[in-house]
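Undergrad: Each chain is listed here by its residues.
Number of protein chains: 2
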Amino acid sequence: MVMEISRSTPETAGKVIRCKAAICRIPGEPLTIEEIEVDPPKAWEVRIKIICTSLCHTDVTFWKMNAALYNFGFSFVSVVESVGEHVEEFVEGDMVLPVFLPNWGECRDCESEKSNSCSVFGNRLSPDMPRDGTSRFKDMKGEVLHHFLWVSSFTKYTVVDVTHAVKINPQIPADKACLLSCGVSTAAVEEGSTVAIFGLGAVGLAVAEGARLRGALKIIGIDLNPEKFETGKQFGVTDFVNPATYGEKQVSEVIKELTNGGADYCFECIGMASVMQEAFRSSRQGWGKTVILGVERHGSPFTVSPGELLRGRTVIGSLFGGLKPKSDIPLLAQKYLDKELSLDEFITNELSFQDINKAFELLEEGKSIRCIIWMDH
Amino acid sequence: MVMEISRSTPETAGKVIRCKAAICRIPGEPLTIEEIEVDPPKAWEVRIKIICTSLCHTDVTFWKMNAALYNFGFSFVSVVESVGEHVEEFVEGDMVLPVFLPNWGECRDCESEKSNSCSVFGNRLSPDMPRDGTSRFKDMKGEVLHHFLWVSSFTKYTVVDVTHAVKINPQIPADKACLLSCGVSTAAVEEGSTVAIFGLGAVGLAVAEGARLRGALKIIGIDLNPEKFETGKQFGVTDFVNPATYGEKQVSEVIKELTNGGADYCFECIGMASVMQEAFRSSRQGWGKTVILGVERHGSPFTVSPGELLRGRTVIGSLFGGLKPKSDIPLLAQKYLDKELSLDEFITNELSFQDINKAFELLEEGKSIRCIIWMDH
Chain Z
1 MVMEISRSTP ETAGKVIRCK AAICRIPGEP LTIEEIEVDP PKAWEVRIKI
51 ICTSLCHTDV TFWKMNAALY NFGFSFVSVV ESVGEHVEEF VEGDMVLPVF
101 LPNWGECRDC ESEKSNSCSV FGNRLSPDMP RDGTSRFKDM KGEVLHHFLW
151 VSSFTKYTVV DVTHAVKINP QIPADKACLL SCGVSTAAVE EGSTVAIFGL
201 GAVGLAVAEG ARLRGALKII GIDLNPEKFE TGKQFGVTDF VNPATYGEKQ
251 VSEVIKELTN GGADYCFECI GMASVMQEAF RSSRQGWGKT VILGVERHGS
301 PFTVSPGELL RGRTVIGSLF GGLKPKSDIP LLAQKYLDKE LSLDEFITNE
351 LSFQDINKAF ELLEEGKSIR CIIWMDH
Chain D
1 MVMEISRSTP ETAGKVIRCK AAICRIPGEP LTIEEIEVDP PKAWEVRIKI
51 ICTSLCHTDV TFWKMNAALY NFGFSFVSVV ESVGEHVEEF VEGDMVLPVF
101 LPNWGECRDC ESEKSNSCSV FGNRLSPDMP RDGTSRFKDM KGEVLHHFLW
151 VSSFTKYTVV DVTHAVKINP QIPADKACLL SCGVSTAAVE EGSTVAIFGL
201 GAVGLAVAEG ARLRGALKII GIDLNPEKFE TGKQFGVTDF VNPATYGEKQ
251 VSEVIKELTN GGADYCFECI GMASVMQEAF RSSRQGWGKT VILGVERHGS
301 PFTVSPGELL RGRTVIGSLF GGLKPKSDIP LLAQKYLDKE LSLDEFITNE
351 LSFQDINKAF ELLEEGKSIR CIIWMDH
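Respectively, the protein sequence lines represent chains Z and D. Residue 169 in UniProt numbering sits at position 169 of the first sequence, and the numbers go up by one each step. Residue 190 in UniProt numbering sits at position 190 of the second sequence, and the numbers go up by one each step.
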């Protein structure tokens, strides 16, 4: 869908918008679709109309936790409806990809090539807007509804801070662009490397695709769902390890046998400390690198023996695949348009907004990589 | 001392040599200097006459442990007395630096630029010779005395495997060369970096010297011994943190204040898991790198929160500063001869062999960085 760009200020600018949203009222229970009110943007904020959104395991994790009155969703594409004071980067009609990872652009981290962790906005934890900690959502009784990861997309309109929004080329189809706001990372591995990927969800498959493009020799997928091997093959997975089929044998032992001593690169894409440790043990001595992409869900510590670290193994953590949203997402979008980056295979399902709870079921059943939810269908 | 090279086969070749050695008979008690027998070298081995040796904290650690009947010392310089079968790399009279880290030269790790962890000889643990696990030492009652870290230098003669020996330029003075077999590592940091070094022993000071040469902006030394600041200044240390003077305040908090958010590089040169964790917490989010050089003494695990890892921090372990003995030690020796590398300041004390127990005292009292022990004085 190529958006037509309109530069005129809409009638809704400066006013509260009433629209449909899917709200989590009871954790773990189906979201309720109801009317809500979305405030106009404050300074440094933009209000956006959502074209399509998607669901991630992180949504599911928080949905099951004590997260009532939240408006989930953080992987989506939108068009600017109106902008707040001081906003110069966006105008009405711009196609925008909101991102959970802030990118202010003027701190030491944002200015460095080595980091994607904004040192000014990256450490603020709030259930609502990053600058003043307040929400732009209310239900029809006037009760505050919270933003999720500073964005929130299970609504027809939302408000995001400019540090959390990236302008993208409107030529890229919205459903493909939607994948760029979470889950598509680049795997910086050398030609001929061996790669072990723990968890073949959208993030893990994106790592496989990246490793395949760079000429990895062996790409081993590790997942408890045996159907993931067939899916993984489309993204370059060459070998599959189902931990459930090895009895007492550690996955790291299996990986070491498959790679003659350990994988050059291990990616943890699940978010469990025990898996991170097993990924580390699966990496080879000398130069094995373990990249942690999953967000640990239970607060468990990552524990390894210093002796295992001493012979040149590395552990590195990465949010958003180490990408800087404002500079890297437009590059990835261009790669898609140039047919260098494959995104289409990630989209396994499409639903309309009123069926959003079905998307949760598909993900939980392992039947979906990315399900696109169209807001206007 | 420049060695004269003799190519004639000595009268001792093929025979047992009887010589003085300092043996650990009761852990933690003074070493006893006694007559021992040193067997001729077997295949792939060289027997060497030691010129001088030095003492490292690792010697002290093992000396206090359950390590009776050991011949300690692994940082020394020697001259080849005779060679075993198949030895082509060395001839009688060569000046040789033995090293605890093997470097066979023909495995995948030895051939890679990314590793210094020999995959064939690097994983064998034995108190004696690496190929057959037997000792070349006996006391006068015929009891076996063990090698230490495959080398052993508290004796006038020892036997080492060719994978544990590096030929060096005889122009470098023996006492300076002695420093190259342990403790002098290169700190690969960029100009303008902030560096925190935990533990200002010989390894920590070598890291400081390396960081200074590469133009680090701030080099923070952390040590419980306040005298180490004056010593450290000679090696480029600009700031000093004594953890004992901050009460309840964590060292990582102090480092974060000194570096505006955390050091770019943290080096752990002590070998305690708790210090490794504090070093990690002292590294900045975004790109902070923690390099573990110390060997953990108590088997404690290294534990961090995955959430702390997620924003681009790295942990890497390194033995022997990541150097490959056979290729890198000759380069360092040349740098010393070209006056690019400073080694002289590391030598704080010199003793003769019969006073070896005094070297243990000096190190334990924090009064010595490197004490050179001359075998023939």
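It is possible that part of the hints are untrue.
Note that the list lumps identical chains together, so a pair holds whenever it fits in one copy or between two copies.
[What the hints assert, rightly or not] Computed list of lysine to aspartate or glutamate pairs in EDC-like fashion (alpha-carbon distance at most 20 Å, straight line):
#1 Lys156 x Glu364
#2 Lys339 x Glu308
#3 Lys15 x Glu143
#4 Lys335 x Asp139
#5 Lys114 x Glu190
#6 Lys156 x Glu111
#7 Lys64 x Asp344
#8 Lys339 x Glu248
#9 Lys42 x Asp94
#10 Lys167 x Glu37
#11 Lys138 x Glu361
#12 Lys167 x Asp328
Note that these hints are calculated values from the structure, not bench results.
Undergrad: All hints are to be evaluated individually against the structure, with a verdict given for each.
TA: Outcome of the hint check:
no. : hint            : in the structure
1   : Lys156 x Glu364 : neither (24 Å within a copy, 70 Å between copies)
2   : Lys339 x Glu308 : neither (42 Å within a copy, 36 Å between copies)
3   : Lys15 x Glu143  : within (18 Å within a copy, 93 Å between copies)
4   : Lys335 x Asp139 : neither (41 Å within a copy, 72 Å between copies)
5   : Lys114 x Glu190 : both (19 Å within a copy, 12 Å between copies)
6   : Lys156 x Glu111 : neither (34 Å within a copy, 58 Å between copies)
7   : Lys64 x Asp344  : neither (29 Å within a copy, 63 Å between copies)
8   : Lys339 x Glu248 : neither (44 Å within a copy, 57 Å between copies)
9   : Lys42 x Asp94   : within (18 Å within a copy, 77 Å between copies)
10  : Lys167 x Glu37  : neither (25 Å within a copy, 78 Å between copies)
11  : Lys138 x Glu361 : neither (27 Å within a copy, 72 Å between copies)
12  : Lys167 x Asp328 : within (11 Å within a copy, 49 Å between copies)
Hint compliance for this structure: hints 1, 2, 4, 6, 7, 8, 10 and 11 are not met, and every other hint is.
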